[in-house]
Amino acid sequence: MSVTSIDNKNKFMLWAISGGRCQYRGCNQILHTDILTKRNFNQSYIAHIVADVAGGPRGCITRSTLLADDITNLMLLCDTHHRLIDRDDVIGNPESLLLEMKAEHENRVANACNISSDKQSHIVTLNANIGTHTPNVQYSIISQSLLPDYYPAIAANIDLGTVNTLNKDSDLNFWNFELGNLQRRFDRLLYPLLNSGDVKHISLFGFAPIPLLIKLGVLLNDITSVDIRQKRRNPDTWKFDDDIETIYNFVSPAYIKTQVALKLELSDSIADERITKVLGEDVAIYSINIVNPDNDIIKSRKQIIDFGEKMKEAFREIKKIHGQDVVLNIFPAIPISLAVQLGRVWMPKADLSMRIFDQNYLLGGFFETLLIKHS
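Basically the numbering used here = 1-based index in the sequence shown + 20.
The hints are simulated quantities; they were obtained by calculation from the structure and are not laboratory data. Check before you lean on any hint, since a few could be wrong.
Distance condition first, Cα-Cα at most 20 Å in a straight line; then the derived EDC-like pairs of lysine to aspartate or glutamate [said to hold, decoys possible]:
#1 LYS259 / ASP218
#2 LYS330 / GLU388
#3 LYS330 / ASP247
#4 LYS277 / ASP169
#5 LYS330 / ASP314
#6 LYS340 / ASP316
#7 LYS330 / GLU301
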């Protein structure tokens, strides 16, 4: 129990630099509003890291008195974590750890406050079953990945997908259901906001089959300002690194044939036999590939932008060779973010119609999922 009367100046300063929230790592509880009744009252405790008496938690004969009213030694805490550090688990909360927590929290508050008012971003998610896997994209995690470049415009995500359904991507009705649902939710939840100008920037987090993500990219197009995020495996994060250079190779076939296919070999290689199994032998097979395909290649925004430029090149070149009436059959092995970017750079009035295929072992390989027609 503190015996020191803390100066009001330090109390007010601590409230300011903590944002009125518990500074214990992982808590972040608002301390000025009751979570149930929404009534405003002070629920905070000001705790000493080094106790203000030598015999207190983390106390020191020489330093306790010196630090008793020093803001660098004070933490704003909720009742639970005040009791934890001073009574229930003093040993598990040493001075060094509490100083780390205090610094982390105050830096996070400072970074959030440094974001200018025009850096609001609406978080849009698209979640759908991928095989037997049901995605779990949590707002609390993805919203933190926006900082320090943007901050959430509203305290919720706009979800355009469906999860926890019995539909699997091997079911015959899966694609009609999911594509119809995507269109309806886009028209109802997002399009009115885009049309009214209420949405200036979107941070997009997708975890769904590739054809659905391509369709979402088409709906968003490249007029809307969209930051497409990629879930990385190593490290486990939605954040990007600094710019990374990836060389995307566009490879043309030796002969012109009646049908046209484009392999996107970025997550994995695709043998031509897997395409001729579906389309027959009368098909000219183009490819966009990289030296070492990998499902965790996307680590920076530049890689997504550069892929979009390479897709534009492929669209132009294939149209020039085969004419505007041919349908471009797309066979993708690409990360989630690139699927959205593919859809965004496709121009309905300028580019070829696309038939999108998806790989499914239960259905014997690649199969057609949707047709995207030019206008």
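Quick rundown of the hints versus the structure:
no. : hint            : result
1   : LYS259 / ASP218 : violated, 25 Å
2   : LYS330 / GLU388 : violated, 24 Å
3   : LYS330 / ASP247 : holds, 18 Å
4   : LYS277 / ASP169 : violated, 48 Å
5   : LYS330 / ASP314 : holds, 18 Å
6   : LYS340 / ASP316 : violated, 33 Å
7   : LYS330 / GLU301 : violated, 26 Å
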